[in-house]
Structures are given as structure tokens and as C-alpha cells.
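Going down the list, the sequences are from chains Y and D. For the first sequence, our numbering gives the first residue as 2, with consecutive numbering after it. For the second sequence, our numbering gives the first residue as 72, with consecutive numbering after it.
Quick caveat, the hints were computed from the structure, so don't treat them as lab data. Watch out, some of these pointers could steer you wrong.
Result set (SDA-like, lysine to any residue): computed pairs, CA atoms no more than 20 Å apart in a straight line [as the list claims (entries may be wrong)]:
no. : chain 1 : residue 1 : chain 2 : residue 2
1   : D       : 143       : Y       : 32
2   : D       : 154       : Y       : 121
3   : D       : 143       : Y       : 118
4   : D       : 143       : D       : 130
5   : D       : 154       : Y       : 132
6   : D       : 134       : Y       : 118
7   : Y       : 76        : D       : 184
8   : D       : 154       : Y       : 124
9   : D       : 143       : Y       : 33
10  : D       : 154       : Y       : 74
11  : D       : 154       : Y       : 125
12  : D       : 134       : Y       : 53
13  : D       : 143       : Y       : 125
14  : D       : 136       : Y       : 128
15  : D       : 136       : Y       : 31
16  : D       : 143       : Y       : 53
17  : D       : 154       : Y       : 50
18  : D       : 134       : Y       : 120
19  : D       : 154       : Y       : 31
20  : D       : 143       : Y       : 50
21  : D       : 134       : Y       : 23
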Amino acid sequence: MTIAWASFTPLSAFLGGCLIGLAALLLMAFQGRVMGISGILGGLFGAASSGDRTWRLAFLLGVVGGPIAWQAVTKAPIVWQAVATGPQFYIAAFLVGLGTAIGSGCTSGHGICGLARFSPRSFVAVMAFMTSAVATVAIVNHI
Amino acid sequence: MTRLITAVVIGAIFGIGLAIAGMLNPSKVVGFLDIFGDWDPSLALVMGGGVLVNAIGLRFVLKRKTPIQSAKFLLPTASRIDKPLVLGSVIFGIGWGLAGLCPGPVVASLLLNGTAMLPFFGMLIAGLLAGRIIMRRVGA
Chain Y
2 MTIAWASFTP
12 LSAFLGGCLI
22 GLAALLLMAF
32 QGRVMGISGI
42 LGGLFGAASS
52 GDRTWRLAFL
62 LGVVGGPIAW
72 QAVTKAPIVW
82 QAVATGPQFY
92 IAAFLVGLGT
102 AIGSGCTSGH
112 GICGLARFSP
122 RSFVAVMAFM
132 TSAVATVAIV
142 NHI
Chain D
72 MTRLITAVVI
82 GAIFGIGLAI
92 AGMLNPSKVV
102 GFLDIFGDWD
112 PSLALVMGGG
122 VLVNAIGLRF
132 VLKRKTPIQS
142 AKFLLPTASR
152 IDKPLVLGSV
162 IFGIGWGLAG
172 LCPGPVVASL
182 LLNGTAMLPF
192 FGMLIAGLLA
202 GRIIMRRVGA
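Using the sequences and the hints, build the whole thing.
See the structure below:
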């Protein structure tokens with residue numbers, strides 16, 4: 002293992018992380034909801050009431066629009082370098098959806114929200130997806 | 072209406088946070104997961120900052136009787152550490168590692184890079200719906 006000091010961005014990572022935590026906190030404070038993106042997406046397709054669907058869509062609209070507005074204001078393009086192409090890209094997407102539905106949460110719900118509530122369930126989920134993600138990258142990159 | 076405006080603003084804060092953090096760049100995410108290669112520890116600070124702010128703030132927020140704009144706090148009630156939790160999380164981790172994308176960044180970059188993210192989003196939703204059907208079948 003070596004540390005990639007050239008790509009290490011501690012300040013922006015911490016600052017961005019704090020904003021993510023702030024958003025999770027505000028959603029709980031204002032609407033009493035856990036900010037789990039897979040759950041918010043999944044709830045769009047349930048038998049939820051139309052009012053329930055509306056706040057989900059409003060939130061997701063903000064998530065889509067925020068970075069676009071940010072990019073327009075700062076005039077600095079948001080860097081995006083894909084790692085997966087072809088079948089790997091589609092399989093990955095399907096597994097992300099499938100896994101978060103079965104495991105009832107993703108990096109935001111279990112990670113940012115669950116860990117902040119000291120939920121043992123979320124702690125186990127985070128350990129499980131971190132381990133399998135690290136193992137997957139190790140296999141793809143080094144074997 | 073004010074509730075919807077709040078939801079949009081909070082969503083935007085989340086999306087901008089992801090952008091600043093570097094989470095919208097799959098290559099950076101995989102750089103963090105690649106602990107056996109040239110490891111970029113940045114994203115540990117994303118998780119650290121997020122959990123820190125949320126954990127400290129929740130101590131005050133959850134002292135309130137109700138949220139500011141709704142009737143009650145909807146906190147998860149499940150507490151059992153079961154097979155679906157672990158198995159689902161392992162499956163999610165494989166997908167996350169393969170593409171460097173988890174659900175938040177997928178939504179946040181939906182319209183950022185032309186139409187590149189749309190098929191990913193479509194397949195993610197297909198997986199989500201398949202997962203819900205499976206969970207209903209097994210009665211969980």
C-alpha cells in the first residue's frame with residue numbers, strides 16, 4: 002500500500018462531508034426523515050400517498066440541480082472520470098440498486114445517517130459494503 | 072409549499088456537498104477503495120465530516136418533540152442484524168466497487184455529464200425494483 006498524496010484532498014473532502022452531514026441533519030430537523038438516497042428513490046415506486054411522493058421528488062430535484070448550479074456559479078467543471086464501461090457499467094448499476102433495496106440502505110442512509118445515530122444495524126451494513134467494495138476493487142485492479 | 076422548497080434546498084446542499092467532496096468522480100471513489108494500490112484516503116474525511124456534523128446536530132434536533140415542518144420523526148425501527156442486511160450490503164459494495172458510484176452521486180450527476188449517467192440510473196432503478204420484489208417474496 003502506498004498513499005496517493007498527489008490526489009489527496011483533505012480540505013475539500015472534509016468540507017463537502019460536513020455539507021452532506023448538514024443536509025442529513027436538516028432533513029431530520031425539518032421533515033423528520035432519514036436522508037437515505039436509495040430509500041428516498043425506492044419510496045417513489047411504493048404505494049405511498051401523492052404527498053409522500055412530492056417531497057421525495059422535490060428533494061431529488063435539489064440533488065440533481067445543486068451541482069449544476071454550483072458548476073455554473075463557480076465556473077469550475079466538476080471532474081468526472083468513469084471507471085466502468087460496457088457490461089461492467091450496467092452490472093454495477095443493477096447491483097447497486099439490488100443491494101441497497103435488500104440491505105435497506107446505502108452510503109448516505111447507513112453511512113451518514115445510521116452511524117450518526119450509533120445504529121448497530123447501520124454499523125454492520127457499512128462494514129459489509131466497505132469490505133466487499135474494497136475486495137471488488139482489489140480483484141479488478143490487482144488480480 | 073414551504074415544505075417542498077425546504078426539500079429542494081436540502082437536496083441541493085447534499086448535491087453540492089457531494090460535488091465539493093469529490094464523490095461525483097468515480098475514479099476518486101475507486102482511488103479510496105483501492106487500499107492495496109495507490110490509496111487516496113480523502114473519502115474517509117467525507118464520511119468523517121458528515122457523520123460528525125450529523126451526530127452532533129442530532130443531539131439537539133432529536134430533543135424536539137416534533138420536526139419543524141412535519142408531525143413526527145420517522146426513525147428506522149428495525150434493529151435486528153439479519154441476513155438481508157448483510158447480504159444486500161455486500162451486493163451493493165460489489166456494484167459500488169465496480170463503478171465507483173453509489174445512489175447519491177448517481178442522482179447528483181444525472182444531468183452533469185451529458186446523458187452518460189442515464190443508463191446507469193435506469194439499471195439502478197431496475198435493481199431497486201427487483202430487490203423490492205425479492206424482499207416481498209421472502210416476506211421480509
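**Message:** Flag every earlier hint the structure violates by its number, smallest first.
**Reply:** 10, 12, 13, 14, 17, 19
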